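Keeping their order, the protein sequence lines are chains A and B. Residue 15 in my numbering sits at position 15 of the first sequence; the count goes up by one each step and never skips. Residue 7 in my numbering sits at position 7 of the second sequence; the count goes up by one each step and never skips.
For the record, the hints were derived by calculation from the structure and aren't laboratory data. Some hints here could point you the wrong way.
To be verified - Simulated pairs of lysine-lysine, DSS-like, Cα-Cα distance not exceeding 30 Å:
1) B/K53 / A/K193
2) A/K235 / A/K193
3) A/K45 / B/K82
4) A/K116 / B/K210
5) B/K114 / A/K249
6) B/K114 / A/K193
Just so it is clear, the structure is predicted and the values come from calculations on it, not from any experiment.
2 protein chains.
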Amino acid sequence: MKISFIGSGNVATHLAHAFYRSGMEIVQVHSRNFENASALATSVKATPIINLKELIWVDVLVLSLSDSAYPEILTQISQKAKVIVHTSGTLSLDILENTSDEVGVFYPLQTFSKSKPVNWSTIPICIEASSPKTQDFLISLANSISDQVVPLDSTKRKALHVAAVFACNFTNHLYHLASKILEENGLSFELMKPLIAETAEKINTLTPDKAQTGPAFRNDEQILATHMQYLENNKALQAIYSVLSNSIKSHKK
Amino acid sequence: MKISFIGSGNVATHLAHAFYRSGMEIVQVHSRNFENASALATSVKATPIINLKELIWVDVLVLSLSDSAYPEILTQISQKAKVIVHTSGTLSLDILENTSDEVGVFYPLQTFSKSKPVNWSTIPICIEASSPKTQDFLISLANSISDQVVPLDSTKRKALHVAAVFACNFTNHLYHLASKILEENGLSFELMKPLIAETAEKINTLTPDKAQTGPAFRNDEQILATHMQYLENNKALQAIYSVLSNSIKSHKK
Numbered sequence: 001m002k003i004s005f006i007g008s009g010n011v012a013t014h015l016a017h018a019f020y021r022s023g024m025e026i027v028q029v030h031s032r033n034f035e036n037a038s039a040l041a042t043s044v045k046a047t048p049i050i051n052l053k054e055l056i057w058v059d060v061l062v063l064s065l066s067d068s069a070y071p072e073i074l075t076q077i078s079q080k081a082k083v084i085v086h087t088s089g090t091l092s093l094d095i096l097e098n099t100s101d102e103v104g105v106f107y108p109l110q111t112f113s114k115s116k117p118v119n120w121s122t123i124p125i126c127i128e129a130s131s132p133k134t135q136d137f138l139i140s141l142a143n144s145i146s147d148q149v150v151p152l153d154s155t156k157r158k159a160l161h162v163a164a165v166f167a168c169n170f171t172n173h174l175y176h177l178a179s180k181i182l183e184e185n186g187l188s189f190e191l192m193k194p195l196i197a198e199t200a201e202k203i204n205t206l207t208p209d210k211a212q213t214g215p216a217f218r219n220d221e222q223i224l225a226t227h228m229q230y231l232e233n234n235k236a237l238q239a240i241y242s243v244l245s246n247s248i249k250s251h252k253k
Numbered sequence: 001m002k003i004s005f006i007g008s009g010n011v012a013t014h015l016a017h018a019f020y021r022s023g024m025e026i027v028q029v030h031s032r033n034f035e036n037a038s039a040l041a042t043s044v045k046a047t048p049i050i051n052l053k054e055l056i057w058v059d060v061l062v063l064s065l066s067d068s069a070y071p072e073i074l075t076q077i078s079q080k081a082k083v084i085v086h087t088s089g090t091l092s093l094d095i096l097e098n099t100s101d102e103v104g105v106f107y108p109l110q111t112f113s114k115s116k117p118v119n120w121s122t123i124p125i126c127i128e129a130s131s132p133k134t135q136d137f138l139i140s141l142a143n144s145i146s147d148q149v150v151p152l153d154s155t156k157r158k159a160l161h162v163a164a165v166f167a168c169n170f171t172n173h174l175y176h177l178a179s180k181i182l183e184e185n186g187l188s189f190e191l192m193k194p195l196i197a198e199t200a201e202k203i204n205t206l207t208p209d210k211a212q213t214g215p216a217f218r219n220d221e222q223i224l225a226t227h228m229q230y231l232e233n234n235k236a237l238q239a240i241y242s243v244l245s246n247s248i249k250s251h252k253k
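Throw the hints in and build the complete structure from the sequences for me.
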């Protein structure tokens, strides 16, 4: 199986490594930035390219880009692979329709940072394809790196992506805001780690609505007022505290 | 060591169980609601009471209440124990000053739900006391159930509590919001669990600012606009999406 990548970001990097480790041949890696293309290509014994005209025919061409970078790339990759896929949670399958006879979506639902290894076997990979045959092909490709392969249409995948932004990107940002509050008070972020671990662990036992705790959930107006006053000098934090506390109250049954 | 509890909520329940398991005698459990007092008291072989006049002298009287419930209780518990402590993250030590010669704070930094067991040994317990002798006593008491005991004054404890609301209570609510989005689209929350686990796990390897991913962090305005449009019919979710995305952008270095 010959696979090439357009893009060398976090998703492209982890996915190329996963395919490479499972024995596939990574042929070329394209990036606008040659250093980035080189870094990824070197690690999977592929050839880095910066000119899309150099693309050679492969079985699967994976596009893994910022959503806004797609339009420019899409006009230049016509018929460069048997199957062309993108890895976006939000873009529909349709955007690929003029690039190849067979196209698909290969969306791994995970947060990827280059320096942090991940366990691919548990990562849900959402598959969509232009034909049943290509869907079977992509499911089989996904199964070579993960045990959690899910056929999903563009509408449901978009909902999943929005949910993931809430559960992952926003959550991590809350960790960051907590770490800043601790730092300003000379307290170590280490103190918070058992709490963060338990909060994430808890939802394996209780649904999130049953797991909810804290002053907003208890309607403890006195603490809420004290905390809002504590954040008086940081209006941005106050706004977040307020909007999330109100949301917790309004979701309480 | 004889210990009694005023309050029978999540913190009181888990703390009484931890003391009980480590061999201490739980004497009485008070709650305004007799059923609640009974449920906790029965599980730790204590006596449930609803009238504070029935309190008998113990070594440690633990007050574990909603912050707003303290004022009424505080006038009725004068000199009922060698040491009287509260478990609030936000209330200062001073509120206890007329209740006993020796008072303290015993604040376990964790999220507690009655039906979910926790591992006490890793839970930071923040201690404050009216004298060095009582501080040593409370540290030793805390060490009997946890390996993470931290002396902390009221100001720093309040900061820690605010940070905990961001990292735990708000985070769990984001899990809930994500679960609602999935539910509305006929998708299982199970799909999100590897992502939630990895997001929490990641901060053991990377600081939260290095671990940040997602459209707001990448300034992918196209996805942000698509997601805001997706949430068009839920203004509350839109407000949360907007305030947190803007916060991520503004914290980007």
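**OP:** Could you check the structure against the hints above and give me the numbers of any it violates, in ascending order?
**Re:** 1 and 3
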